[in-house]
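Following the hints, position chains B, C and D against chain A.
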Amino acid sequence: MGPLSILSEFPEWLNLLIALFIGIGFGFALEQAGFSSSRRLAGMFYGYDTTVLKVFFTAAIVALVGSQMLSFFGLLNLKLVYVNPYYMNATIIGGVIMGAGFIMGGYCPGTGISALSIGKIDAMIFLVGGLAGAFLFAETYPYIQEIFLGNYKGEMRIDEWMGVSTGVFTFILIVAAVFLFWLAELAEKKFSRPEITSEI
Amino acid sequence: MEKRKYMNPYVAGALLGLVLLSAMFLSGRGLGASGGIKYTMIAIVGAVDKDHAMESSYYSKYFENGESPLKNWLALEVFGMLLGGFISGAISQRLKFKVEKSPKITNRKRLLFAFLGGVFFVYGAQLARGCTSGAALSGMAVLSVAGFVTMIAIFGSAYLFAWFFRSLWI
Amino acid sequence: MKELKNLQYVFLFLIIIVVLVLVRSFNPNLFRQVPGTAVESAQNNSNSITLAQLESLKTQYLVINLGSGGKFDSIRIKNSINVPIENLLDKKNLTILNESKDEIILYSADVSTTAKAWVILNQLGIKKLFILAPEENSEAFIYIFQPDTTVRLENDSI
Amino acid sequence: MNTRIKFSILLIGVGIIMAFLPFNTARSFQLKPDELLSKTVSDDIYFSVDQVARFINNEDTTFQLIDVRSAEQFKVCNIPGSINIPFNDFSNPKWEIYLNQKGLKNIYYGNGDQKASYAWTISTGLNYGNNFVMKGGLNEWYKTVMLSQFEGENITPRENALFENRFNARKTFTQINSLPDSLKTHYFNAKHLQTSKLDGGCE
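Chains as they are written, first to last, in our numbering: chain A, 1 to 200; chain B, 1 to 170; chain C, 1 to 158; chain D, 1 to 203.
Source of the hints: derived by calculation from the structure; they are not laboratory data.
Computed from a predicted structure; not experimentally measured.
Worth double-checking, as some hints may not be accurate.
[Claimed, not checked] Pairs of lysine-lysine, DSS-like flavour, derived with a Cα cap of 25 angstroms:
| # | chain 1 | residue 1 | chain 2 | residue 2 |
| --- | --- | --- | --- | --- |
| 1 | C | K2 | D | K6 |
| 2 | D | K32 | A | K79 |
| 3 | D | K6 | C | K5 |
| 4 | A | K189 | B | K5 |
[Unchecked claim] Computed far set for chain B versus chain D, every beta-carbon distance over 10 angstroms:
| # | residue |
| --- | --- |
| 5 | R94 |
| 6 | F161 |
| 7 | W163 |
Each residue gets a CB set at the ideal place from its N, CA and C atoms; glycine is no exception.
Looking at chain A on its own, in the form it has when it is part of the complex (with noise of 0.2 angstroms):
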């Protein structure tokens, strides 16, 4: 019965190692499927490579649907499965600052690393802007904290805000994702350049 590392108690040094673990299979995930490449990162706003929202959407119904399952079976706790509290005001506008920092650079964190990994210079760059950004965080953190903790919605869930069944919304989510995987490949070919996509 999961989560095994609170319901078994599991020594710290054990987290770690399952960190470590959880840490080399995320990595080798997203390079494999070409997110070490900024331009083809860069290719899901601009049409020509939509890598991103399929990857994106397989992973987050893949990991939904997993343990929605796990928990119907009696092996998954979801109360004790971290949910993302919802601070307004800090999520829309670190949102869309995100984005701007997606198109200059070409990349977000996690994707910087696995690009770092195999060597790109631009991705250690942007992951030294990276550092840099969180710094000045948290030298402006005292500015910012009322953006910052403004507007507390608690751990909200989506699927009781909307007041449907888990498995409905579930569901509305795997359609909403198929309808928008042959979008996608309508649009690639629509917008498709050849002479970048040979390339990466």
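Below, chains B, C and D without anything else, positioned relative to chain A:
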């Protein structure tokens, strides 16, 4: 060099989903990347200017227990990511030092924007309590509203800004 | 046909999940209700019934005595059946409870035993389930607290 | 047939199964019925009022008392240090951080045993750690701790200790409950214990 082929995106997505699922099952939490960057930064600040770190209300909480900020789930996970990416790159023969950019721009311009992008992205990630992996992906997998809103905000704003930065990429 | 052949692993996977879900769905040893239903049904003692109410009840009812051993027989009600709390979830007893269309009334010498059994059965989805209230309302405060403003807090007591 | 179509069919199939899952056990009792029943019949789940009085005199911080009576009753008097979670509001998720923790023993009490036993069964069923009931509730507390007097000629050391314990608890109870409301709140806040939160996210 032979043609480097990536994994099918759906298969890779399923693999990533299984990694996320095992993080939930084993540790009761999602994945994260910007957190690892934050802990690295805190460790650097702690090493360079310990006094400043102890004074600031932001840093001091990470030094309270007297252990290195790098002895942390997220920091270890990010270290694992480097290993995992390296293994994958080695298997698929993609290990190579290079600056990846559109041929139409200079190296200097690419690196400048990469730096700026990093500053923006991680600043935003700190504000939103997570990046694409920590907030959007992991959040969506547990159906948190925060996850969906982060995802929409990131991609929505990136599409909005894409037009201004198109010369960087196409 | 060729296309279906391509999908054989997909269908195999789906069929396995369906079978597992069905097996799980018919597992009797599983709580399915949300605890909120128990809290709601027990609001303001609406799940309790007094002896007088019971005797004036027109419909059929089934009285379950949860006492075992020495605790049995503190009150005597005709037509009651004895189900010691240890055996509450035996298949035979659960069948009786599940198939009963009448009101089910639980009682035992100790109100806490009845209360715990009530929550368990409520969460198993058994309807029309009541507790036989003890003589006097056990949840009323029978004493009156008199504030004593003359006592001063001593420093060591906080 | 390409991978997208295969994956789409697979995901939609799983989605249909998910939409028709007959029940959602995520918020139901985590214990199996037979496991819960075997805990129910055990006698280890009770604390006597004298034991609770001793906890209070020793300022024991390993337990928290949970008063499941209504807010009005709680305001009139309560055992010092307890927190009020009215049973009518028991399933409100905001209480979960107090109830679902492993560090402290949760001791439930009402006026009698009925509501505390409901609360005990629900918390135990949800697999929250360390649940207990103060046997007899506040009525028993009043009868034993507040009103009992020693009667007889010779007092044994054992009885002496017992009555001293009751007497001290009685004093604390009267003192705290005689305070004006503002000071009472202050006292509770001082006793308020931090509960741990789940780890996760990118923080």
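Hint check results:
1. C:K2 <-> D:K6: holds, 13 angstroms
2. D:K32 <-> A:K79: holds, 17 angstroms
3. D:K6 <-> C:K5: Since the Cα atoms of K6 of chain D and K5 of chain C sit roughly 11 angstroms apart, the hinted pair holds (cutoff 25 angstroms).
4. A:K189 <-> B:K5: Satisfied, since the Cα-Cα distance of roughly 19 angstroms is no more than 25 angstroms.
5. R94: holds, 22 angstroms
6. F161: Consistent with the label, F161 of chain B stays out of reach of chain D, its closest Cβ about 22 angstroms off (over 10 angstroms).
7. W163: Holds, since 28 angstroms exceeds 10 angstroms.
Of the numbered hints listed earlier, not one is contradicted by the structure.
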